[in-house]
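**Student:** Based on the provided sequences and hints, a complete structural model is requested.
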Amino acid sequence: MAEIRPAREEEILVLTAIGLEAWEKAVSGVADAQAMRRVAELAFLSFLRSKWFSVSVIEFGGEAAGWAAREDNDGHISDLWIRPAVQRNGLGSVLLAELERRILVEGFEASVIKTHSQNTPAISFFRKHGYSISWLSTAYAPKLDRDVESVGLSKLLEEPAAQSGQQWF
Numbered sequence: 062m063a064e065i066r067p068a069r070e071e072e073i074l075v076l077t078a079i080g081l082e083a084w085e086k087a088v089s090g091v092a093d094a095q096a097m098r099r100v101a102e103l104a105f106l107s108f109l110r111s112k113w114f115s116v117s118v119i120e121f122g123g124e125a126a127g128w129a130a131r132e133d134n135d136g137h138i139s140d141l142w143i144r145p146a147v148q149r150n151g152l153g154s155v156l157l158a159e160l161e162r163r164i165l166v167e168g169f170e171a172s173v174i175k176t177h178s179q180n181t182p183a184i185s186f187f188r189k190h191g192y193s194i195s196w197l198s199t200a201y202a203p204k205l206d207r208d209v210e211s212v213g214l215s216k217l218l219e220e221p222a223a224q225s226g227q228q229w230f
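For the sequence shown, counting from 1, position 48 maps to 109 in this note's numbering; every step adds exactly one.
The calculated label-pair distances, taken between Cβ atoms and stated as ranges, are:
hint, residue 1, residue 2, range
1, 104, 134, 14 to 24 Å
2, 122, 189, 23 to 33 Å
3, 62, 199, 41 to 51 Å
4, 189, 145, 10 to 20 Å
5, 69, 150, 14 to 24 Å
6, 62, 208, 37 to 47 Å
7, 106, 163, 22 to 32 Å
8, 158, 201, 26 to 36 Å
In silico PhoX-like links for lysine-lysine, alpha-carbon gap of 20 Å or less:
hint, residue 1, residue 2
9, 175, 112
10, 175, 189
11, 86, 175
In case anyone wonders, no lab produced these hints; they're calculated from the structure.
Keep in mind the model is a prediction, meaning the values are calculated, not measured.
Glycine included, C-beta positions come from ideal geometry on N, C-alpha and C.
**Tutor:** Structure (structure tokens):
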């Protein structure tokens, strides 16, 4: 069974490893992951050291299996990473649903996320969960020394339907 909990500062290295492993899979075919690995690792470490308190961890089998963050505590999901070995087990769906619930409770009407346009698995995942492509852009990525197309996806969030038999006045 999966459980979602807040991240702990002492697990920054574990979360970095999960993010890095999932990132390597996501950039396959887009960038030379081996050449970019150290830069990506440092980016994960820097983010997690400064924002670990805004990270939600999903555990599976008693171990951290993935994590997600809303870097600016708004409707934008900045990170959602699931260890590749346990992807396609519903963990990402559970984690996304929790993020969406919090986004809505905190007063935001929509959830937004972006990824590179060739990350077909991520785009499919979000579309399956009701997200629509809302923009496409191309920008120069200095770390990759090339233009990269990104896609933005968004979803209007709704309050859970009232239980049958209840009336709200």
